Amino acid sequence: MKTPSSELFDLIKSLGAGEANDFIRSCNLDKSQKEADYLLLFKAYLNSKVLDEAKMRSSLKIKNFKRVKHYLQSTLLSFLATREGYSIEKEIVNMISVGNLLMDRSLFLQALNIFERAKKKAIHFELNYHILIIEEKLFHLNSHLNNKAYVESVFSGTRERSIEGVLSAIRIEEEYRLSLLKRWKFYQEHGTLVRDKKISAKLISVLEPYVKKGEDYPITIAAKHDYYVAAAFYYQEKKQIAKAIECLEKSAALAEKHPREMIGVVPPLIVALNNLIFIYAKYLMLDDLRVTLNRVYEGLSAKMVYRKVGLVSLMAYESYYCKFVPDYGLRRKKIKWVEEEYIGLLGSQRMLRHIQTGMNLSVCYFCEGKFKRALEFINEIESHPEHLGFPSMMGVIKVYKLVLYYEMKKYDLLSYLFRSTYRYLLKNETYKGFEKIVLKTLNKMMEAHSEKEQALVLQKAYKELLYIKKDEFENAVFLAFNFIGWIKCKMDKTDFKYLMTQS
Numbered sequence: 004m005k006t007p008s009s010e011l012f013d014l015i016k017s018l019g020a021g022e023a024n025d026f027i028r029s030c031n032l033d034k035s036q037k038e039a040d041y042l043l044l045f046k047a048y049l050n051s052k053v054l055d056e057a058k059m060r061s062s063l064k065i066k067n068f069k070r071v072k073h074y075l076q077s078t079l080l081s082f083l084a085t086r087e088g089y090s091i092e093k094e095i096v097n098m099i100s101v102g103n104l105l106m107d108r109s110l111f112l113q114a115l116n117i118f119e120r121a122k123k124k125a126i127h128f129e130l131n132y133h134i135l136i137i138e139e140k141l142f143h144l145n146s147h148l149n150n151k152a153y154v155e156s157v158f159s160g161t162r163e164r165s166i167e168g169v170l171s172a173i174r175i176e177e178e179y180r181l182s183l184l185k186r187w188k189f190y191q192e193h194g195t196l197v198r199d200k201k202i203s204a205k206l207i208s209v210l211e212p213y214v215k216k217g218e219d220y221p222i223t224i225a226a227k228h229d230y231y232v233a234a235a236f237y238y239q240e241k242k243q244i245a246k247a248i249e250c251l252e253k254s255a256a257l258a259e260k261h262p263r264e265m266i267g268v269v270p271p272l273i274v275a276l277n278n279l280i281f282i283y284a285k286y287l288m289l290d291d292l293r294v295t296l297n298r299v300y301e302g303l304s305a306k307m308v309y310r311k312v313g314l315v316s317l318m319a320y321e322s323y324y325c326k327f328v329p330d331y332g333l334r335r336k337k338i339k340w341v342e343e344e345y346i347g348l349l350g351s352q353r354m355l356r357h358i359q360t361g362m363n364l365s366v367c368y369f370c371e372g373k374f375k376r377a378l379e380f381i382n383e384i385e386s387h388p389e390h391l392g393f394p395s396m397m398g399v400i401k402v403y404k405l406v407l408y409y410e411m412k413k414y415d416l417l418s419y420l421f422r423s424t425y426r427y428l429l430k431n432e433t434y435k436g437f438e439k440i441v442l443k444t445l446n447k448m449m450e451a452h453s454e455k456e457q458a459l460v461l462q463k464a465y466k467e468l469l470y471i472k473k474d475e476f477e478n479a480v481f482l483a484f485n486f487i488g489w490i491k492c493k494m495d496k497t498d499f500k501y502l503m504t505q506s
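Residues are numbered in this note's numbering as their position in the sequence shown, beginning at 1, plus a constant of 3.
Rather than coming from a laboratory, the hints here were simulated on the basis of the structure. Keep in mind that a hint or two might mislead.
Once the Cα atoms are required to be at most 30 Å apart in a straight line, the calculated DSS-like pairs of lysine-lysine come out as [said to hold, decoys possible]:
#1 K46 to K66
#2 K124 to K66
#3 K246 to K260
#4 K455 to K443
#5 K185 to K151
#6 K200 to K455
#7 K200 to K373
#8 K463 to K496
A quick note: this is a predicted structure, and the numbers were derived from the prediction, not measured.
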């Protein structure tokens, strides 16, 4: 759990340069007075790369440090509240607040007008929870006004049917939100490398009840988006790729037809495009992947919270695209951008994407023959304890690390790394066909006394791995690093530039 001090530090670090300057100006209107302690503390947080409150206490010499820090946090939150951008949800919430104010002043007709307008907007934008709040206000208002028409509508069942419709819409939306949570939980437990038929069948069984109800079952736009996502992953797992893509394209088209940015909700267009990226990447549909990555760039919201969600996938899959397309014109520029930003953006809170991005960058440098730099990304991943939560992915990365050590000729360290990797794979039950072949091959390569012996070892491994790749649940490991391509390059004595596309 975060401490209050880290929360304030994170809040200040989330500010853009313009926001920080505007906050300082708003707090420093009286130039004649000495700068306030809370503003000095704000600048100290702003200029610090890491949080060190002991150092701040010592240098600033602020009395009642905790009280000043609390006041800074309250003042900053109040300032940010005034800068919140427009959204339909905010407009409706403001209308409800105005309606409440008018009711308190017994201006019931004016309040009724405001709430009726708010209700129309809430219905149009399917803000069902807000509709329930507004209906409760309208009930009290019409009671105050002795509105006979309203009373008759209540007794005729009109209001009851309306509320039942709203509750039904909420129930279905919650139902499909649950489907998303189940999918997220599945990937947290199993990682994105599904290498077992039973595990794949488990994901299919999780999603099937939601998909079988059909796309006409969800009655709101939000529920339809969630349906399309569940259906896309269901069909993708059943290897019906065209259907999966069709579902996500429908979601994207729906988002473009009904654009909306709700507070704290990722725009559906970004969600649809992110999931399309996942599918195109998994099935090496590289041209479609490039087009969709560009669509994500174009669709990124101005709001930083939504930009970050889009950037998470962009970083992971830009680096993924670059390792498969070494001749991409913007490759060096993209890699440099991801390299500079991914740790700060992803951190340990988005460890799954962090692992994927770090591995992709490592392979990009491996393909350039820069093995030392490639190893730095793997060591960075392993510096986060959270990486242990993804044993299937980390098993593949640890095997890849052995290859890195071999290419760097770190033979003295390989024996220890072999043992630790072997123990890790056994412990996490990921010592399977692919892992066995690579470990055995590297061992034999080190023991071989001539190029001829090494060539025979490589030829045998090449045939065995080609056979493994035919397994639809095993071939995913070669998307992380093409072990077959590595062996092919060794056999042909060519550089590793096109390693990822070798077969």
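Cross-check of the supplied hints:
no., hint, in the structure
1, K46 to K66, "17 Å, holds"
2, K124 to K66, "50 Å, violated"
3, K246 to K260, "21 Å, holds"
4, K455 to K443, "17 Å, holds"
5, K185 to K151, "48 Å, violated"
6, K200 to K455, "39 Å, violated"
7, K200 to K373, "36 Å, violated"
8, K463 to K496, "16 Å, holds"
The structure does not agree with the numbered hints 2, 5, 6 and 7 stated previously, though it agrees with the rest.
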